[in-house]
Amino acid sequence: MTKDSISWIIVNNSLKLTTKNLIRGNKFYNEKIIFSNDQEYRVWKPYKSKLAAAILNGLEILPIIEKSRVLYLGTSEVITPSHISDIIGTEGVVYVVEHSQENAKELIEKLVPNR
Numbered sequence: 001m002t003k004d005s006i007s008w009i010i011v012n013n014s015l016k017l018t019t020k021n022l023i024r025g026n027k028f029y030n031e032k033i034i035f036s037n038d039q040e041y042r043v044w045k046p047y048k049s050k051l052a053a054a055i056l057n058g059l060e061i062l063p064i065i066e067k068s069r070v071l072y073l074g075t076s077e078v079i080t081p082s083h084i085s086d087i088i089g090t091e092g093v094v095y096v097v098e099h100s101q102e103n104a105k106e107l108i109e110k111l112v113p114n115r
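Residue 1 is where the sequence shown starts when you use my numbering, and the numbers rise one by one after that.
No wet-lab data here; the hints were simulated from the structure. Predicted model, so just to flag it, every value in this text is computed and none were measured. Glycine is no exception: its CB is placed at the ideal position from the N, C-alpha and C atoms.
For lysine-lysine, the following BS3-like pairs were computed, each having C-alpha atoms within a straight-line distance of at most 25 Å:
no., residue 1, residue 2
1, 16, 27
2, 45, 27
3, 48, 32
Simulated restraints, written as ranges between beta carbons of each label pair:
no., residue 1, residue 2, range
4, 95, 23, 13 to 23 Å
5, 73, 13, 30 to 40 Å
6, 48, 95, 14 to 24 Å
7, 76, 23, 14 to 24 Å
8, 10, 97, 29 to 39 Å
Using the sequences plus the hints, can you model the full thing?
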């Protein structure tokens, strides 16, 4: 994992998984924003993202790094793709395949214009 884009931060005596916010000042869902060392981080909820849950449960190798091209299948919410976007940065690309028109619309409205 890239330690610049994924961090563990203590919030109220609890360790939280976070990603450095690619677009400072922007929220994609109701995530908590944390400021630390002049950086802005978004809390990544493991109960709403299987990838975050895997990391929380000890995933050792995450092949998603800065400048990656990621194919993400079936996003029910914008949560995981938005955090992947934080990890890969401005030179990476997230390709999302979504069969639900409503979910695709939400993704396009929330993530695409800000990426």
